[in-house]
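Engineer: The lines below spell out each chain.
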Amino acid sequence: MSDLLQVDNLSKTFATGRGLPWNRRRVAAVDNVSLSVQRGRTLGLVGESGSGKSTLGRCILGLAKPDRGQISFDGVEVQALSGRALADFRRRVQPVFQDPYGSLDPRWPVGRSVRESLDCFRIGTPAERDRRVLDLFARVGLNPALADRLPTHLSGGQRQRVGIAAALASSPELIIADEPVSALDMSVQAQILNLFLDLQQDLGLALIFITHDLGVVKHVSDNVAVMFRGSIVETGDTERIMSHPRHLYTRTLLAAVPRPR
Amino acid sequence: MSAVLSFGNVSVGFATPNGAPSAPAVNGVSLEVTRGEIFGIIGESGSGKSTLANAVMGLLPGSAAVTGSIRVNGRAVLGLGDDDLRGMRGNEVAMIFQDASASLDPTWPVGDQIAETLRAHREISRRDAQARAIALMTEVGIADAASRYSDVPHRFSGGMRQRVVIAAALANDPQLLIADEPTSALDVTIQAQVLQLIDALRRRHGTTVLLITHDVGVVSQLCDRVGVMYGGKLLEVGATRNLLARPTHPYTRALLAANPADARRGTRLPVVPAEWSVESLREAELLRDSPSLAGAANE
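Chains as they are written, first to last, in my numbering: chain B, 276 to 536; chain R, 242 to 540.
Because the hints were derived from the structure by calculation, they are not lab data.
It is possible that some hints are incorrect.
To be verified - Derived list of chain R stretches under chain B, where covered just means 3 residues or more per stretch with a C-beta under 8 Å from a C-beta of chain B:
hint, stretch
1, 418 to 430
2, 450 to 461
3, 485 to 498
A quick note: this is a predicted structure, and the numbers were derived from the prediction, not measured.
Glycine included, C-beta positions come from ideal geometry on N, C-alpha and C.
Build out the structure end to end from the sequences listed, making use of the hints.
Structural biologist: Now the structure itself:
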């Protein structure tokens, strides 16, 4: 099976500290990382704060420019894309963030935010789009009556469903979800995790699930990549990594999960 | 066995802007926390767990109306005057929160902030308070405490800041420590260290701990007993191991089943039934109370 996404030797550095630009120290947030994701599969990207997992996700989405390395999507080099081809890539790869507050306009009814994605990618005729917004709401388990409410009036779980609906609007093949359930209560978290599973089954989506929560990773992922200080220290089948971690850091991480005395 | 903290039929309501009383945030909670134990209160957002903890410390806003009785070491705390409350806080009872930096003055050396807690409650010379603050910092695991005494909070990592706050909380050897989500903002490896620290301090000083959390894992590792809150009510209380293994209340059962850590990979998680779901509770209210912007969607 061919890989949908292939990342090779990707590095991204940031300047830190004071002084003139050329005197600043550069810190590698992502350091020579390679990974691949197959169609319809889920890669869990796990690590603690500062490990570089979000930066890696942003590089793949094109929200951050990597210093070195290649990203290819469906066999095509992504960094060389421009114009219509770039727009098409963006349609096929969509983000879901921890707090959709940040991606929803606070003065827009949430239905309009979902519709914007359809408008932007010119999906369907304008008349069909209204209908499609309501379909998307139903798809993610939201009461369509909520489409004309403001984000502030929705609960965290409902806002996250809106975020997922907006991501699904363009019929993507890969969703990069950055801590999508970390801010949610456990009963709501279970509903959103179920939604991801359903979507994947029904639509054949590939997922990169970025999280610090090992319980969540274990539940949703086919494969896991463990990040530590910018590098992937261990990658492989989820069951194998959870039961027989090889790298010292993976072991430390697993041992730190609270468990009954 | 004596109760360090006891709640007798405690309810908390908040006045709403239009004057009508709200649904109670805490609803008829009765509970006794025994000396030396770590008691966990677990619940989702809006369950009233933090309101209950804040009521002990007199930290609720003026719009709150508390009824029932709360006793610390047998003394009623509701209705205590400002002076008495100030004498109790940070002395008899200490409290730590999720966001340690909100408890610390960003412009002040952390050591001085710990020393201030000491000097607020007892006659102690500046030098002795300083020495004691350094000893406390060492005890909570801050390496090379003497040289870090003068550092301001932002020179510490999140986990280290939480240790500083714990050192200040322990300064006057309180009998009761209330910890409201103390590790929720920390990475899992740091969380493990802070949980170990709280447990070690309890063993060393016999401090009673009331731990507020949403995290079943934290409760299972640290707490002797646990109470489950939902919609302001304390649904059930039991020894941690028993309660987690054999929950009696349907909500507790549903909540524990929803934990992905215990589920089989790739299977749908059992969902908390609608009548107990935090979400569905709100949806009806929301559709009733929030303005519809129909038409605006197409502008």
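Engineer: It remains to establish, for every hint, whether it holds in the given structure.
Structural biologist: Against the structure, the hints come out as follows:
no.: 1; hint: 418 to 430; result: holds (count 3)
no.: 2; hint: 450 to 461; result: holds (count 6)
no.: 3; hint: 485 to 498; result: holds (count 3)
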